[in-house]
Amino acid sequence: MYGFEAMTFNIHGGYLEAIVRGNRSSLLTAADYNNLCQCETLDDIKMHLSATEYGPYLQNEPSPLHTTTIVEKCTLKLVDEYKHMLTQATEPLSTFLEYITYGHMIDNVVLIVTGTLHERDVQELLEKCHPLGMFDSIATLAVAQNMRELYRLVLVDTPLAPYFSECITSEDLDDMNIEIMRNTLYKAYLEDFYRFCQKLGGATAEIMSDLLAFEADRRAVNITINSIGTELTREDRKKLYSNFGLLYPYGHEELAICEDIDQVRGAMEKYPPYQSIFSKLSYGESQMLDKAFYEEEVKRLCLSFEQQFHYAVFFAYMRLREQEIRNLMWISECVAQNQKSRVHDSVVFIF
Amino acid sequence: MEYIDNLPSMDLMRSEKMMFVQLILPVESAHRAVSYLGQLGLMQFRDLNDDKSPFQRTFVNQVKRCAEMSRKLRFIKDQIHKACLTPSSNSSSQSDTDLEELEIQLAEHEHGLSEMNANSEKLQQTYNELLEFKMVLQKAGDFLLPSESPMTGQDTELNDNVHISDDYADTSSLLDQEMLNGHSTQCGVGFVSGIVPKSKVLRFERMLFRTTRGNMLFNQAPAYDQILDPATNEMVEKTVFVVSFSGEQVRVKILNICEAFGANCYPVPEEMTKRRHITQEVLSHLSDLKTTLEAGLCHRDKVLTSIGFHLPKWMNMVKREKAVYDTLNMLNFDVTKKCLVGEGWCPIFAKTKIQEALQRATCDSNSQADIIFHVKDSLESPPTYFQTNNFTNAYQEIVNAYGVAKYQEANPAVYTIITFPFLFAVMVGDWGHGICLLLGALILIVREKKLGSQKLGSFMEMLFGGRYVLLLMSLFSIYCGLIYNEFFSVPFNIFGSSAYRCRDATCSESRSIGLIKYQDTYPFGVDPSWRGSRSELPFLNSLKMKMSILFGIAQMNLGIILSYFNARHFRNSLDIKYQFVPQMIFLNSLFGYLSLLIITKWCTGSKADLYHVMIYMFLSPFEDLGENQLFSGQTFFQVMLLLLAVITVPWMLFPKPFILKRLQSERFQGRTYQSLETSDIYNDVEFDSASQPDPEEFDFTEVFVHQMIHTIEFVLGAVSNTASYLRLWALSLAHSELSTVFYEKVLLLAWGYDSLVIRLVGLAVFAFATAFILLMMETLSAFLHALRLHWVEFQNKFYSGDGYKFEPFSFAALNDGED
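In order, the protein sequence lines correspond to chains A and U.
Under numbering that gives the first Met the number 0, the first residue of the first sequence is numbered 0, with each subsequent residue one higher.
Under numbering that gives the first Met the number 0, the first residue of the second sequence is numbered 0, with each subsequent residue one higher.
To be clear, the hints were calculated from the coordinates, so they are not data collected in a lab.
Cβ atoms here follow ideal geometry from the backbone N, Cα and C, with glycine treated the same way.
Possibly wrong hints are sitting among the right ones.
Partial chain A-side listing against chain U, Cβ under 8 Å, derived [said to hold, decoys possible]:
(1) N34
(2) Q37
(3) D43
(4) N59
(5) H65
(6) V121
What the simulated footprint calls covered on chain U by chain A, stretch by stretch (three residues with Cβ under 8 Å from a Cβ of chain A suffice, anywhere in the stretch; the number is not a length) [stated by the list, open to error]:
(7) 57 to 71
(8) 205 to 213
Simulated pairs of lysine-lysine, DSBU-like, Cα-Cα distance not exceeding 30 Å [unchecked claim]:
(9) A/K127 / U/K121
(10) U/K454 / A/K76
(11) A/K127 / U/K199
(12) U/K51 / U/K660
(13) U/K199 / A/K76
(14) A/K339 / U/K51
(15) U/K199 / U/K289
(16) A/K198 / A/K298
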């Protein structure tokens with residue numbers, strides 16, 4: 000159907016595309032961020048946000064605010080919007096929207112399992128979970144002792160079940176293999192999502208494959224950097240890279256053998272899109288890499304709004320909102336801790 | 000000319016004269032002064048701190064406090080709503096409370112309420128637990144009960160207990176015995192009993208099944224009572240369960256799962272007697288708790304009612320206070336930091352009232368310094384303010400929907416009041432339908448007070464807002480219906496008998512031919528005997544078409560004349576000479592002439608073909624008109640008119656831009672070589688040509704192109720707008736034909752049968768079609784067409800509509816805006 004979306008897209012997707020584009024226009028702008036960065040207290044932030052679409056969500060909060068409350072309420076707004084879109088969506092858009100949440104689901108599973116391992120209270124952990132990644136029996140995760148049980152008891156009912164095929168072992172859970180599990184799941188998830196988008200075809204496939212490839216490459220770089228100096232073997236490391244993206248397969252070979260950040264840099268600079276990211280960093284520095292990647296991601300997400308009649312706008316919108324909430328969290332945290340000089344360190348302007 | 004200037008000013012003709020004022024308020028009386036101005040509601044403040052974000056402004060703390068208070072008020076309102084109390088609204092009796100006092104009171108109330116809530120929640124929690132325990136005891140008791148009879152055979156069957164985990168297919172009776180043994184260590188079979196929300200039962204059971212690999216027995220029974228969930232304040236259905244299993248490790252897992260699912264587990268003793276004993280205990284506890292809970296709720300309700308008594312007043316007060324501080328935030332501190340400086344617009348007539356209010360504020364706050372109020376010059380154009388009443392408001396809104404009038408521009412709403420309903424009625428001319436509409440409008444108007452105070456749906460609200468438009472529309476519709484002589488498309492002989500009658504007896508069946516006029520013309524409206532005749536349509540079409548053109552030309556002329564008054568008001572002689580005059584000549588020499596021909600034809604009864612006259616006036620103006628001549632010297636007259644029309648086009652196009660250019664270059668020279676005072680004189684000239692862009696950026700090509708567009712638009716518009724008025728005829732035709740169809744093909748057809756059922760059905764269909772198609776859809780479409788005729792054909796002749804509305808700081812508007 001490539002090229003003919005304009006004829007049929009609006010039958011099912013038109014309303015929601017309009018909704019999502021309308022929602023996008025309520026994202027905070029650079030002017031908003033500038034104002035927010037000047038705030039002295041969290042109440043100032045609340046006051047400023049009350050003029051934006053977050054207003055109704057924050058107006059009933061009693062005065063000594065906490066960063067968590069702000070973030071919670073802002074996330075609530077995102078969740079409400081997501082739910083509204085999901086209830087209006089028809090196939091295949093509804094599946095597409097559900098795919099967006101699987102990432103959070105994986106994070107939540109990992110959060111609960113790690114938390115239980117360190118004997119945290121389950122209720123407390125549940126509060127920390129991202130509401131988009133909740134599923135029915137999530138609390139039961141605490142019962143499981145090893146991956147096999149985890150799968151058999153709980154996850155077999157969730158959409159994550161197929162991703163588990165590669166990591167069912169009877170080993171007891173520990174920090175290391177939880178992390179490996181997370182990355183294996185993520186790999187399977189991204190590949191599945193990628194295949195799904197390819198199946199949809201048209202502009203959705205084109206734009207989503209670009210966005211997902213970026214995501215996969217970023218994960219590959221992060222895995223590499225985080226696994227430097229751990230006992231993870233090169234082969235194991237390579238197994239965690241997703242089997243698509245710009246770096247696949249030759250970049251992966253190079254990344255797999257990297258032993259320090261500069262080697263990663265050397266491997267990445269061969270790819271022109273990433274060269275610009277790395278050229279902003281000085282040698283030996285990996286602190287600002289996250290921000291550089293986020294900035295690049297935001298740029299790409301914004302670009303996806305330039306085309307019409309495709310589903311990538313939903314993905315892009317959700318990601319941009321999440322970035323916005325991250326920004327708000329950072330700003331609030333900086334304001335709350337009187338670290339205003341560091342406000343600009345991690346805020347990624349969206350517009 | 001002087002006569003026109005000396006006419007008394009009518010409120011609605013032009014927007015109120017405004018002035019730009021500056022207020023210097025001493026800090027101590029500023030708050031009071033602003034709140035008095037809010038009560039007066041006649042001053043629009045300008046934001047002097049535009050560049051500052053909300054939290055950098057002076058009174059940000061007060062605004063925050065107000066926001067906090069309104070949050071508390073919302074909390075209390077929420078509580079009252081939750082407790083299902085209706086807030087009483089007789090709040091006039093109480094004396095005014097101070098804001099600070101209120102803040103303290105509110106904090107106390109909130110604290111008290113949340114404490115009470117916490118207490119009652121705790122109590123509720125215990126109560127729930129006991130209630131659940133009671134249910135579990137009873138239900139679980141039922142599961143465990145049957146086991147009592149085979150108690151004797153217990154020992155004999157002990158051997159079998161070894162197998163129970165392998166073959167659970169027939170274990171139910173065996174398990175019962177195990178339960179009896181309870182935690183008997185012989186084989187490690189135990190049970191867990193508890194209660195779980197009904198919605199989770201299925202998943203709960205599945206999870207248990209998976210964890211134990213099927214080695215368990217799950218018994219469930221619905222609890223007979225619903226349990227109040229304290230978090231959501233809703234009743235939740237729950238299910239009692241008893242899980243039997245074997246092995247101590249499994250017990251831990253099951254308890255974990257219970258916790259994960261939010262299932263509350265309660266220990267149930269196995270012996271009957273013990274169980275009874277506990278049940279008794281629980282029951283007595285329950286009744287105690289219940290009385291405590293009820294007492295607590297009663298107390299809370301009492302407190303809430305007493306708060307609810309003041310609530311509306313407090314909310315109002317806080318809202319006002321917040322508005323006052325928001326306004327104060329728009330003001331600037333002067334250099335000494337002792338005074339606040341405010342700027343804004345107010346209508347000139349309100350000057351004394353505002354000064355009085357300010358005086359009062361100074362007195363009441365015992366301020367040493369007076370509030371200074373003085374008029375300033377402003378570069379920006381003043382806001383547009385019309386004082387409307389219930390009746391005129393809807394019409395003003397119709398005009399505003401297109402664009403708010405420029406300051407002091409001629410207001411089309413004045414004419415719209417009559418022309419709008421009239422043009423509507425020309426399209427929906429039927430006095431039967433008119434009466435229906437009139438009844439509807441009257442119902443809305445009679446119940447005005449009641450409907451105005453309550454919240455209506457969006458559609459009803461629209462209808463209610465336009466009730467006076469509806470009233471005039473229906474009245475005119477009755478009038479036009481009488482002229483068209485249509486009552487649900489049926490003609491009546493109200494004004495005497497028809498002027499026509501049969502020539503002889505044979506034509507009694509064939510009504511259409513052989514009629515002769517035997518008496519004077521039917522005195523009012525269309526003769527009823529046209530109805531159903533073969534020439535009905537040609538006659539009515541010709542009548543309505545000509546009528547539409549006459550109305551159109553009249554209304555467009557009115558529009559152009561209004562442009563004269565606009566130009567006159569703004570002292571823009573250029574526009575009069577080079578726009579109004581040629582436009583007038585152009586329109587009237589072509590279409591004014593057509594109107595003249597129409598009227599002449601009606602008066603003389605001539606059979607001239609007007610199409611022919613109009614078309615050949617352009618194609619061959621010098622040709623003799625022959626039998627189409629209406630009056631002598633017509634050919635010469637036509638040639639003259641045509642020449643005039645041709646001359647006016649360059650007249651409209653060229654002079655204005657060139658004159659503007661000359662003025663501009665003169666002023667430029669003045670700037671360069673003359674002293675400052677003389678350039679002031681030229682400022683008047685600048686004011687004359689108000690339509691030109693900013694003098695610094697005078698761009699001749701732009702002005703010329705603009706003028707060219709304007710000219711072309713007018714010339715082509717004269718033709719297309721006149722044609723556009725033919726929609727009056729088209730819609731009128733559609734309406735009358737449609738109602739004829741419904742009348743003849745539905746009502747008369749059904750009446751033709753001799754069956755009551757068919758007649759009733761026919762009547763119902765007719766009523767339905769009349770109500771929904773003719774009264775709603777047709778009315779709506781005619782409304783839209785009338786709207787278009789006003790917005791486009793009428794208003795583009797004179798109305799620029801680029802002003803902005805006067806939005807005074809007013810407490811009354813604040814209350815209107817609430818939810």
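How the hints compare with the structure:
1. N34: At about 4 Å, which falls below the 8 Å cut-off, the nearest Cβ of chain U leaves the hint on A/N34 intact, so it holds.
2. Q37: Result: holds, 7 Å to nearest chain U Cβ.
3. D43: Result: holds, 4 Å to nearest chain U Cβ.
4. N59: holds (6 Å)
5. H65: violated (16 Å)
6. V121: This interface hint holds because 7 Å falls under the 8 Å limit.
7. 57 to 71: Coverage by chain A holds for the region 57 to 71 of chain U (6 residues, Cβ < 8 Å).
8. 205 to 213: Since 3 is at least three, the answer is holds.
9. A/K127 / U/K121: holds (25 Å)
10. U/K454 / A/K76: holds (28 Å)
11. A/K127 / U/K199: This hinted pair holds, its Cα atoms lying about 22 Å apart.
12. U/K51 / U/K660: violated (42 Å)
13. U/K199 / A/K76: holds (27 Å)
14. A/K339 / U/K51: holds (19 Å)
15. U/K199 / U/K289: holds (28 Å)
16. A/K198 / A/K298: Roughly 25 Å between the alpha carbons, so the hint for A/K198 and A/K298 holds.
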